[in-house]
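Since chain S is already given, all that's left is putting chain A on it; use the hints.
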Amino acid sequence: MKLRLIPAAAALVLAAGCATTSQPASNTNSDSAAITFSFWGTNSEAASLKAIAAEFEKANPGTKVTTNWIQADYEQKVLTSIAGGTQSTVMEISNNSLAGFVSSFAEQQVDPGKYVQPNISSALQFEGKYYAMPFAAKPKVMAINVDAFKAAGIPLPSATTPLTLDEFKTLAAKLSHGDGKARVFGSSNLYYRGWLTAAGGTYYNADGTACTFGDETGVKTAQYVVDLQNQKSAPTSTDIQGQDQAQWFAAGRLAMFSDFGPWTVADFAKISKPNWTLVPVPGKGFQMEVDGLAISKKATGKQLETAKKFVEFAGTQQVAQDQLIQGNTALGVPVIAASVGTLEKVLPADRNLAAFTTALKTGVVGPSVAKENQVSGDAEKGMNSYTALGTGKDDVAKILPELSDKCTAALKK
Amino acid sequence: MNPTIGWIRDLAASWGVPTALVPLVPFLLVLIVLYAVIGLAAYGARKRWPRADKTIAFWLFISPWLIGFAIFTVGPMISSIYVSLTSWDLLTPPQFVGLANYSEAFQDPKVLQALKVTLLYGVISVPLQTVLAFVVALLLNSELPGMRLFRTIWYLPSLVSGVAQMVLFLWVFNPQYGLANDVLAKIGIAGPAWFNDAAWALPTVILMSLWTVGGAMVIYLAGLKDVPPNLYEAAAIDGAGPLRMFWHVTMPQMSPIILFNALTGIIGSLQIFTQGFIANGGPKDSLLFFVYYLYDNAFKNFRMGYASALAWILFAVILALTAVTLRGSAFAVYYETELATKRRKK
Numbered sequence: 001m002k003l004r005l006i007p008a009a010a011a012l013v014l015a016a017g018c019a020t021t022s023q024p025a026s027n028t029n030s031d032s033a034a035i036t037f038s039f040w041g042t043n044s045e046a047a048s049l050k051a052i053a054a055e056f057e058k059a060n061p062g063t064k065v066t067t068n069w070i071q072a073d074y075e076q077k078v079l080t081s082i083a084g085g086t087q088s089t090v091m092e093i094s095n096n097s098l099a100g101f102v103s104s105f106a107e108q109q110v111d112p113g114k115y116v117q118p119n120i121s122s123a124l125q126f127e128g129k130y131y132a133m134p135f136a137a138k139p140k141v142m143a144i145n146v147d148a149f150k151a152a153g154i155p156l157p158s159a160t161t162p163l164t165l166d167e168f169k170t171l172a173a174k175l176s177h178g179d180g181k182a183r184v185f186g187s188s189n190l191y192y193r194g195w196l197t198a199a200g201g202t203y204y205n206a207d208g209t210a211c212t213f214g215d216e217t218g219v220k221t222a223q224y225v226v227d228l229q230n231q232k233s234a235p236t237s238t239d240i241q242g243q244d245q246a247q248w249f250a251a252g253r254l255a256m257f258s259d260f261g262p263w264t265v266a267d268f269a270k271i272s273k274p275n276w277t278l279v280p281v282p283g284k285g286f287q288m289e290v291d292g293l294a295i296s297k298k299a300t301g302k303q304l305e306t307a308k309k310f311v312e313f314a315g316t317q318q319v320a321q322d323q324l325i326q327g328n329t330a331l332g333v334p335v336i337a338a339s340v341g342t343l344e345k346v347l348p349a350d351r352n353l354a355a356f357t358t359a360l361k362t363g364v365v366g367p368s369v370a371k372e373n374q375v376s377g378d379a380e381k382g383m384n385s386y387t388a389l390g391t392g393k394d395d396v397a398k399i400l401p402e403l404s405d406k407c408t409a410a411l412k413k
Numbered sequence: 001m002n003p004t005i006g007w008i009r010d011l012a013a014s015w016g017v018p019t020a021l022v023p024l025v026p027f028l029l030v031l032i033v034l035y036a037v038i039g040l041a042a043y044g045a046r047k048r049w050p051r052a053d054k055t056i057a058f059w060l061f062i063s064p065w066l067i068g069f070a071i072f073t074v075g076p077m078i079s080s081i082y083v084s085l086t087s088w089d090l091l092t093p094p095q096f097v098g099l100a101n102y103s104e105a106f107q108d109p110k111v112l113q114a115l116k117v118t119l120l121y122g123v124i125s126v127p128l129q130t131v132l133a134f135v136v137a138l139l140l141n142s143e144l145p146g147m148r149l150f151r152t153i154w155y156l157p158s159l160v161s162g163v164a165q166m167v168l169f170l171w172v173f174n175p176q177y178g179l180a181n182d183v184l185a186k187i188g189i190a191g192p193a194w195f196n197d198a199a200w201a202l203p204t205v206i207l208m209s210l211w212t213v214g215g216a217m218v219i220y221l222a223g224l225k226d227v228p229p230n231l232y233e234a235a236a237i238d239g240a241g242p243l244r245m246f247w248h249v250t251m252p253q254m255s256p257i258i259l260f261n262a263l264t265g266i267i268g269s270l271q272i273f274t275q276g277f278i279a280n281g282g283p284k285d286s287l288l289f290f291v292y293y294l295y296d297n298a299f300k301n302f303r304m305g306y307a308s309a310l311a312w313i314l315f316a317v318i319l320a321l322t323a324v325t326l327r328g329s330a331f332a333v334y335y336e337t338e339l340a341t342k343r344r345k346k
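If you're matching them up, the sequences are chains S and A in order. Under our numbering, think of the first position of the first sequence as 1, with each following residue one higher. Under our numbering, think of the first position of the second sequence as 1, with each following residue one higher.
Worth flagging that the hints you see were computed from the coordinates, not collected in a lab. Fair warning: there could be bad hints in the mix.
With a cut-off of at most 27 Å between alpha-carbon atoms, the simulated BS3-like pairs for lysine-lysine come out as follows [as the list claims (entries may be wrong)]:
id, chain 1, residue 1, chain 2, residue 2
1, S, 298, A, 300
2, S, 361, S, 284
3, S, 150, S, 181
4, S, 393, A, 110
5, S, 270, S, 181
6, S, 220, A, 284
7, A, 300, S, 297
8, S, 393, A, 47
9, S, 371, A, 110
Bound-form chain S, shown alone (with noise of 0.2 Å):
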């Protein structure tokens, strides 16, 4: 008798062990101050990130913030938390990234008065609803060799006004020069859907539903890189495989670099010589990326309420704020006014740090989309392969317009 009770004992056990649920135990104990809060990046950001959290517990006495470093592979992480239940209560998003997580995050109320201009909280939005708490911005800025353009004779561009595109193109033909693995480039690689967005274009329309890369611009802005590429003003996918392009800017072998975002700081902190300043990305400049704090949508009592206390002081205080620099290297752009100007001091003003201020209060953010990694992703591979913007050879003024169409239809898919 005891014998067959014993199968039963085994499934018990295993049931106890196996069975699932839709409330989570971990991370989301309502009863508790104590939060965790995960977060990507580098040696340096994680440092910024650990230090706000310390600013925190030392501002809110009882309360605990547990950090959980995600080295790599960040988004696939979070969703496999997620689906496990054991997501942590704040976590970082992107803006780009922020439409694909919505359904797992907690609405918020965001003052977009509080920051530096209103695409700062605007990007963390979806349908109308805030789903992050904006802390950090990354404008982009162009360096230029000073040194290379004074042997060429060329005037300094503007540090406050941008080039227009045409200008920039007729600049980087009279800084090029040389042969072969010796060759001296006006500027580093153009990355397509950047200089798409300097030059007036969309990769999305304003509500994300449709993909504009294939129209009359995004057409225009492929010829005009394939173009800079063709006349060897800027290198191609090819030559840069495998290559630093700050180490050539370093070599002197690029005269204008201009993929340059706050995390560029640190390396070219490095630089003495050639000298170099920055300047403001040609035309409208590139896409701004923003950087939010989102809530769980499992976290409930006292931890919702330390969790909305935690994201409301990384975003609006000084004192967070502050930390997003650390030595000379940036998380990114300080978001609220009282701050905006630290990353400023960390280089001599001759580099120009402010062009990063003068960037992010201008700087466009574009929608967020569900689906960006597969749609975009899926386009971009398509430009690479089939157009010369990566390796291919066909023509831009084919393939876009029907890469364009497939983008669209994947995201109405």
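Then chain A, alone, in the frame of chain S:
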């Protein structure tokens, strides 16, 4: 997370168990209870069937593996069958869609491309690797001074992991700064763009795969050492030359080992992933290997249901190819034990 497990974890934490060890507590507890149940079952079985000591001991000793296999292999496999019948993005609960994922896969041109690339890789690389590994093993089977050093040198590349190997070869085949094109340029040949050229990407990966034949070579070498010398002596007495000895003695004796290496090679080639992943599928999907496409759907597009369906399609393809190879090999592989059986039947 299960509330019982959450409760056990909270209890362990309140008892002062170090935080890092807390997740282990419920696992160990379940294991202890499970083994108590298994122990009881074994005790009961022993009382009922006193002569079955060895059988009970066998099942007891094998139980750790059986439990691990059931939880970590069979469990996920069964679960993936169910997932393949759903639409699941990880964020929202899975929706049952029946065979829709399978039907979509059969109409997806990328699945066809992935199968084409993967099978082409297998069809070309497996025979090439087999021949090269066997020839190298034959050469290294001779007893010459320094032979052990050569064997080590040939085997060493097999120790390099897939990602490191791919990164290394991205440099070797870099169109501008790579070793391959530098060497070709010295003899007046303008090298291709290798991984950057849709026509060259797959041949480049095949070429790369030959770098790691050391693993198969070691198995062939062990097989060659195992061929009885008296067979060669008998063949020599019968007047056989080196070629005849190779064809009539070495090849039949080695055929089961060749089959083993070919089978594992086929299965491995169909599961190729790293090269496609690092090269992002290659230009024009020229390196869109099946497992990479599966991964892309699961972890880039978050289509877990579709990815699971692709996994089962791959399983079916591997099973079919293995069966065909095994069936086809019946005419070409020589087993000494088989001969003995046949003899007994006569």
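Consistency of the hints with the structure:
| no. | hint | result |
| --- | --- | --- |
| 1 | 298/S to 300/A | holds (24 Å) |
| 2 | 361/S to 284/S | holds (12 Å) |
| 3 | 150/S to 181/S | holds (23 Å) |
| 4 | 393/S to 110/A | holds (22 Å) |
| 5 | 270/S to 181/S | holds (24 Å) |
| 6 | 220/S to 284/A | holds (23 Å) |
| 7 | 300/A to 297/S | holds (23 Å) |
| 8 | 393/S to 47/A | violated (79 Å) |
| 9 | 371/S to 110/A | holds (18 Å) |
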